[in-house]
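Chemist: Residue strings, one per chain:
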Amino acid sequence: MTIRIPKSPNSCSKTDEDGSKRMQNLTLPRLRIGKNKIIAYILLAIGMIALIFSTAYVSAILAFIGLGLIFWGALILYIGNSKYAKLSLLDSTALSSLADIDQIITELKYEGKGVYLPPKYLRNIESGIVFIPSKKGMSLPLPEEVAEEKIFLENPDGACMIPPGLALSKLFEKELGISFTKVDVRYLEDNLPKLFIEGLEIAEDVKIETEGNIFSVEISGSIYNDFCQEARKLSKICNSIGCPIASAIACALAKASGKPVIIEKEEPTSNGKVEIQYRLIEEEN
Amino acid sequence: MMQFPLTLWDISLWLAIVSIILLITAELISPHYGQTSILIDKKRLRNAALTTSLLFLITVAIRIIGIVTSS
Chain A
0 MTIRIPKSPN SCSKTDEDGS KRMQNLTLPR LRIGKNKIIA YILLAIGMIA
50 LIFSTAYVSA ILAFIGLGLI FWGALILYIG NSKYAKLSLL DSTALSSLAD
100 IDQIITELKY EGKGVYLPPK YLRNIESGIV FIPSKKGMSL PLPEEVAEEK
150 IFLENPDGAC MIPPGLALSK LFEKELGISF TKVDVRYLED NLPKLFIEGL
200 EIAEDVKIET EGNIFSVEIS GSIYNDFCQE ARKLSKICNS IGCPIASAIA
250 CALAKASGKP VIIEKEEPTS NGKVEIQYRL IEEEN
Chain B
0 MMQFPLTLWD ISLWLAIVSI ILLITAELIS PHYGQTSILI DKKRLRNAAL
50 TTSLLFLITV AIRIIGIVTS S
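Here the protein sequences come in this chain order: A and B.
Residue numbering for the first sequence follows numbering that gives the first Met the number 0, starting at 0 and increasing by one per position.
Residue numbering for the second sequence follows numbering that gives the first Met the number 0, starting at 0 and increasing by one per position.
No lab work stands behind these hints: they were computed from the structure.
Every residue gets a Cβ at the ideal spot worked out from N, C-alpha and C, and that includes glycine.
It is possible that some hints are incorrect.
[Claimed, not checked] Computed Cβ-Cβ distance ranges for the label pairs, DEER-style:
#, chain 1, residue 1, chain 2, residue 2, range
1, A, Ala59, B, Ile57, 20 to 30 Å
2, B, Leu12, A, Gly211, 53 to 63 Å
3, B, Arg43, A, Glu266, 55 to 65 Å
4, B, Arg43, A, Glu281, 43 to 53 Å
5, A, Ser58, B, Ile19, 20 to 30 Å
6, A, Glu153, B, Asp40, 47 to 57 Å
7, B, Phe3, A, Lys34, 47 to 57 Å
8, B, Leu27, A, Glu208, 25 to 35 Å
9, A, Gly211, B, Ile64, 53 to 63 Å
10, B, Pro4, A, Leu89, 45 to 55 Å
11, A, Ile60, B, Ile23, 20 to 30 Å
[Claimed, not checked] When the alpha-carbon atoms are kept at most 25 Å apart in a straight line, the in silico SDA-like pairs for lysine to any residue are as follows:
#, chain 1, residue 1, chain 2, residue 2
12, A, Lys173, B, Ile20
13, A, Lys193, B, Leu44
14, B, Lys41, A, Asn190
15, B, Lys41, A, Glu197
16, B, Lys42, A, Ile280
17, B, Lys41, A, Leu76
18, A, Lys193, B, Leu49
19, A, Lys193, B, Pro4
20, B, Lys42, A, Arg278
21, B, Lys41, A, Leu199
22, A, Lys193, B, Ala25
23, A, Lys169, B, Lys42
24, A, Lys193, B, Ile39
25, A, Lys36, B, Asn46
26, B, Lys42, A, Gly79
27, A, Lys36, B, Thr50
28, A, Lys264, A, Pro192
29, B, Lys41, A, Ser138
30, A, Lys258, A, Ile280
31, A, Lys36, B, Leu22
32, B, Lys41, A, Lys149
33, A, Lys36, B, Thr58
34, A, Lys85, B, Ile28
35, A, Lys36, B, Arg43
36, A, Lys85, B, Leu27
37, B, Lys41, A, Leu175
38, A, Lys169, A, Lys135
39, B, Lys41, A, Lys112
40, A, Lys169, B, Asp40
Please model the entire structure based on the sequences and the hints provided.
Modeler: Below, the structure is given as structure tokens:
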């Protein structure tokens, strides 16, 4: 990697110019939010004046104008408060940490599929852990061993990691106003589509089907499509622990069912749809 | 003399029109806005629509109570 040092004063001024342009770009969204608020306050002020004049001159038209302006001013202030960020920003922020996990799994030569452990394995039941066994078909670790909160386990050989979708699944809980430890799989089947489409506006359509121990989710028009496409290039992520959205659903499923969960299949189908299949593992008593 | 020019029925009509506009907008608005400069929180828009509808219904209830008690 080389670092270029500016040789002439001209190059310095160009850098300054670039810097100021960048600063302008950075301050633009703040200006936009400010403009909305300014417009809202102007509407409120004019509305109040119109309302006062309407009572002074006993004019119904002025009163309607005043009421309307006050209403729209208040509405703009109320409905325009949420913050939005560009999708590309989200993608580029999260991808590096996924690449990190992929590199660690590749380096350790772990071949097993990630198993999302249910709350009984964890010290903090609201948390989440994915166990990645070193070899395929290995047994699950004992709850006492996982509760020690070590990253690398020896019996069976594998690693316990924080799932990439854990924070997203906590956001699901916050939005639904309930902990997934207190609900069952049926609740997820009923509420996740509405949450994805209307609540968080993550996807255009979501279909969930349960058949025995198999839980299938089909997501259409997801905002994570581009991100997942990039994540699929990381060989271990999709095959082992899944991309953040698949991982978040797996975390929710492990909590709700109380059973370990494996992402069996995660593949894109036609028209930007993604099909994810989970398997709930029956534990031997 | 200062006097507010609108009666309860004027406000009731105004609330009815506003709540219809807001309810339709809140239902028809797409969750995928694309590149726009107006950032709208859909949930809050729906809340505002429901509040105005409720206010309208309250004015209707007042009217009904008025009719019943006067007869």
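Chemist: Against this structure, judge whether each hint is valid.
Modeler: Consistency of the hints with the structure:
A beta carbon spacing of about 21 Å between A:Ala59 and B:Ile57 agrees with the range 20 to 30 Å that was offered as a hint. Taking 53 to 63 Å as the suggested C-beta distance range, the pair B:Leu12 and A:Gly211 conforms, at roughly 58 Å. Range check, B:Arg43 to A:Glu266: Cβ separation about 37 Å, and the 55 to 65 Å hint is violated. Taking the beta carbon of each, B:Arg43 and A:Glu281 are about 44 Å apart, inside 43 to 53 Å as hinted.
Checking the proposed 20 to 30 Å range against A:Ser58 and B:Ile19 shows it holds: the Cβ atoms sit about 25 Å from each other. Under the hint 47 to 57 Å, the C-beta atoms of A:Glu153 and B:Asp40, about 50 Å apart, fit the expected range. Remark: the range hint 47 to 57 Å for B:Phe3 to A:Lys34 is contradicted by a beta-carbon distance near 33 Å. B:Leu27 and A:Glu208 have their C-beta atoms about 30 Å apart, which keeps the hinted 25 to 35 Å range intact.
About 57 Å separates the C-beta atoms of A:Gly211 and B:Ile64, a value consistent with the hinted range of 53 to 63 Å. Between B:Pro4 and A:Leu89 the beta carbon distance is about 51 Å. The supplied range of 45 to 55 Å therefore holds. Take A:Ile60 and B:Ile23: their Cβ atoms lie about 25 Å apart, and the range 20 to 30 Å holds. With a C-alpha separation of about 31 Å, the suggested pair A:Lys173 and B:Ile20 falls outside the 25 Å cut-off, and the hint is violated.
Note on A:Lys193 and B:Leu44: the hinted pairing holds, with a Cα-Cα distance of about 18 Å set against a maximum of 25 Å. The suggested pairing of B:Lys41 with A:Asn190 holds, with an alpha-carbon distance near 19 Å, which does not exceed 25 Å. Taking the CA atoms of B:Lys41 and A:Glu197, the gap is near 9 Å; set against the 25 Å cutoff, the hint holds. Of the supplied pair hints, the one linking B:Lys42 and A:Ile280 is violated, its CA atoms being roughly 38 Å apart against a limit of 25 Å.
Between the alpha carbons of B:Lys41 and A:Leu76 the distance comes to roughly 13 Å, so the proposed pair stays at or under 25 Å and holds. A threshold of 25 Å between alpha carbons decides the hint, and for A:Lys193 with B:Leu49 the separation of about 19 Å falls inside it, so the pair holds. About 45 Å separates the Cα atoms of A:Lys193 and B:Pro4, which puts this hinted pair outside 25 Å; it is violated. A hinted pair counts as satisfied when its Cα atoms are at most 25 Å apart, and B:Lys42 with A:Arg278 does not qualify at roughly 34 Å.
With a C-alpha separation of about 10 Å, the suggested pair B:Lys41 and A:Leu199 falls inside the 25 Å cut-off, and the hint holds. For the proposed pair A:Lys193 and B:Ala25, the alpha carbon gap of about 16 Å is at most 25 Å, so the pair holds. A threshold of 25 Å between alpha carbons decides the hint, and for A:Lys169 with B:Lys42 the separation of about 20 Å falls inside it, so the pair holds. Of the pairs offered as hints, the one joining A:Lys193 and B:Ile39 holds, with about 19 Å between alpha carbons and a cut-off of 25 Å not exceeded.
Our distance criterion of 25 Å between C-alpha atoms is met by A:Lys36 and B:Asn46, whose separation comes to about 20 Å. Restraint check for B:Lys42 and A:Gly79: satisfied, since their Cα atoms lie roughly 11 Å apart, inside the 25 Å limit. Under the criterion of a C-alpha separation no larger than 25 Å, the hint pairing A:Lys36 with B:Thr50 is consistent with the structure, at around 22 Å. Restraint check for A:Lys264 and A:Pro192: satisfied, since their Cα atoms lie roughly 19 Å apart, inside the 25 Å limit.
Simply put, B:Lys41 and A:Ser138 have alpha-carbon atoms about 47 Å apart, too far for the 25 Å limit, and the pair is violated. Between A:Lys258 and A:Ile280 the CA atoms are separated by roughly 6 Å; this keeps the pair inside 25 Å, and the hint holds. At roughly 23 Å between alpha-carbon atoms, A:Lys36 and B:Leu22 fall within 25 Å of each other, so this suggested pair holds. Restraint check: the Cα-Cα separation between B:Lys41 and A:Lys149 comes to about 43 Å, which exceeds 25 Å; the hinted pair is violated.
With a C-alpha separation of about 31 Å, the suggested pairing of A:Lys36 with B:Thr58 is violated against the 25 Å cut-off. For a cut-off of 25 Å, the pair hint linking A:Lys85 to B:Ile28 stands: about 20 Å separates their Cα positions. Of the pairs offered as hints, the one joining A:Lys36 and B:Arg43 holds, with about 16 Å between alpha carbons and a cut-off of 25 Å not exceeded. With a C-alpha separation of about 23 Å, the suggested pair A:Lys85 and B:Leu27 falls inside the 25 Å cut-off, and the hint holds.
Of the supplied pair hints, the one linking B:Lys41 and A:Leu175 holds, its CA atoms being roughly 16 Å apart against a limit of 25 Å. Taking the CA atoms of A:Lys169 and A:Lys135, the gap is near 29 Å; set against the 25 Å cutoff, the hint is violated. Annotation: proposed proximity of B:Lys41 to A:Lys112 is violated, straight-line Cα distance about 39 Å (limit 25 Å). In summary, the hint linking A:Lys169 to B:Asp40 is supported, as the alpha carbons are separated by about 21 Å, within the 25 Å threshold.
Comparing the model with each numbered hint stated earlier shows that hints 3, 7, 12, 16, 19, 20, 29, 32, 33, 38 and 39 do not hold.
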